[in-house]
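Each chain is listed here by its residues.
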Amino acid sequence: MFTTRKRRAGIVLAATVSAAVALTGCSGGGSPEPGATFDPEAEVTLDFAFWGNDVRADLYNEALAAFNEEYPNITVNVSFLGFPEFWEARQVEAAGGNLPDVMQFDYSYLRQYSENGLLLPLDDYLGGIIDTEGFEQNILDIGVVNDQTTAIPAGTNAWGMYTNPQLAEESGAPLYEGGGSWEDYNDYLIEASAAASANGVYGGADWTGRIQNFELHKRAQGENLFTDEGEPNFTQEEVAEFFALGDEIRSEGGSVPGQQLEEIYPLSAFDSARAVTELTWDNFGAGYLGNLGEGYTELGLVAPPTAEEGSQDLYLKPSMLHAISAGTDHPEAAATLVDFLVNAPETAEAFGTNRGLPASQTQLDALSLEGLDAQIQEYEDSIADRLGDAPPVPVVGYGAIEEEWRQIGLELGLGTLTPEEGAERFFTEMEVVLNS
Amino acid sequence: MTTAGSQITSPAQLEVPLVAPPAGGRRRSLKLTPGRIAVYAALTVLAIIVLYPMLWLFLSTFKPSSEFGQNQGLLPESPTIDNYLKVIEGIGGIPLWRFFSNSLLLAVAAVVGTLFSSSLAAYAFARIRFKGAGIFFAAMIGTLLLPFHVIILPQYIMFQRLDLVDTFWPLIIPKFLATEAFFVFLMVQFIRNIPRDMDEAARIDGAGHLRIFMSIILPLIKPALITSAIFTFIWTWNDFLGPLIYLTSPENYPLPIALRLYNDQTSTSDYGATIAISFVALLPVLLFFLVFQRFLVDGVATQGLKG
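From first to last, the protein sequence lines are chains A and B. Residues in the first sequence are numbered consecutively from 1, following the working numbering. Residues in the second sequence are numbered consecutively from 1001, following the working numbering.
Please note that a few of the clues may not be correct.
[As the list claims (entries may be wrong)] One side of the interface only, derived from the structure: several residues of chain A facing chain B at Cβ under 10 Å:
#, residue
1, 97
2, 242
3, 272
4, 292
5, 297
6, 420
7, 427
Treat the hints as calculated values from the structure; they're not laboratory data. Small disclaimer: the values here were computed from a predicted structure and weren't measured. We put the CB at the ideal spot given by N, CA and C, even for glycine.
Working from the sequences, and respecting the hints, build out all of it.
The structure is reproduced here in structure tokens:
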């Protein structure tokens, strides 16, 4: 009740504001002198905003303390919020032309802000103030919108499959080894759930309820979800067929019942020790361990099934980027801060893999990874052959589309929608989001 | 917070004592007839249903964070007070009392501002015939129809140009300018019900508008003032969007924003701490309501004497 109302208000706000953003956004800052450098003697104050929780706030405090040792004349005012609130606040500030100088940025908003000229083009600083030694070109390309670099990735993650070996053993379920075809995975889910559901444990949740798994199917055929122009690259029939791939597991009790999923949301079945496997981003491991509690000390991380052996269906996604407001008064100092956040070993030491695996090799080298972090790095190395180019920067409103897909997946599990009805609803809702 | 909101923000609940004061039964002896027992039993069941979420919230503050997925029951399996200790310590180096005092400052300033400005505006609308009164009154009512999201952008840009963003002023100044049309309207209706004879008697004794307002009107609209105070306090205490937009430094955050900082769906969430701070944030509202609700009923009861 309260939350849905809140969320709806948020959407209304976002819609009203994005129109205003488009209207006022053209006040871009002047382009800097090529090879501009930062004058360390100048006293500068920067506003810096990020999303995250109390833990991340402490990590930033640590990193910024190291920054101030090196640059004592730059004062950084920090502001932080939860993810949805962070974007509500930014939308209003964007309309008022008052964005913070430096922002932690998300991939899904990059296109909207870049196309409205709200972000400072960073190309002139690359290789200068912002060191690019440690970055692969394809990683840097992630932050490019319409031929301009407007953000630098700080960390990356990839789609993967977490498994819970301890839970499997306790509940009598077998453990999935990773890879294979989606049919193999379906068979596994049914087998594991049959073995363990007496203990309230299932093989996994219905995987057709995540749009990323559909994306994997598309990419296995060499296509992305959306075209470079931001048009959907799939038909309603394809979506219906995809949803139908889960009919088998839903009807034979191979996945966690929809009602249980609804009861524990926002926690997932994996968080609450009801599922042995879960397909998700590989940086979610620490969160899972936290939510599972002290009873569980290790997780497995393996490759997701594939629809086409030998295809490049996976890709590295920036877990977060850093961007500079086009309206900043101190572009050089802001670029210096961005450089420190994405390149400095001190920052890497403070964060570990809290921001995903560091995107810059310089930062990666500074870390001695162990436990789960080492597993993530090992995993990303192991799937190197399956990693293709990242898809085009997500369409405006991708977050809402992703959430709608999840909702429909939940209803498929509850049996209130058929795959065809689900596909129809998804298309109706997607049109609304894309055309607003 | 959620449960608090759903329990006391509904105007209907506050109006109950207004329209149905405890009718004469105070002196009658309370015999336990079968009918009465049935009524009490039904009421008890209802009360339990309504209070269950509160009880769940309270008991869940003692659950360790990892228990939220695996134990949705009422009782914690391994009770702990760590959640409270963590919450008191604060977030990112800012202690809890800081968020608390920010919330309190905002709420108290809003109550003072709303009572002061709304009652003055209401007096003018109800008692003074000035040019364009009708149009202004209609415009004032019209602002009730404007969704907050429509005015927030121009308002933000205005305060930003005044360089007042990240101070409390954008959240306090409007309260002193009678922008809460709902309360102005409430008080206008109250004042209109007060016989004009009283004003006129005072005027004959030589009182001006200010004197009439202070000595005649204000004491008589006490119930309306108290209703407005309760609503303003609760609304401001729970307000999320306003502070979210105008306050950027974490040390200026009020509680509703602070309590969300333990949650981050993109990394880890501390549900135990979230629930504990939610419960702590709920207490002042509950206290405020309990204390002032008595005045509210008193106010209605004494109103009958004014004749």
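Hint by hint, here is what the structure shows:
no., hint, in the structure
1, 97, "8 Å, holds"
2, 242, "25 Å, violated"
3, 272, "3 Å, holds"
4, 292, "6 Å, holds"
5, 297, "12 Å, violated"
6, 420, "31 Å, violated"
7, 427, "26 Å, violated"
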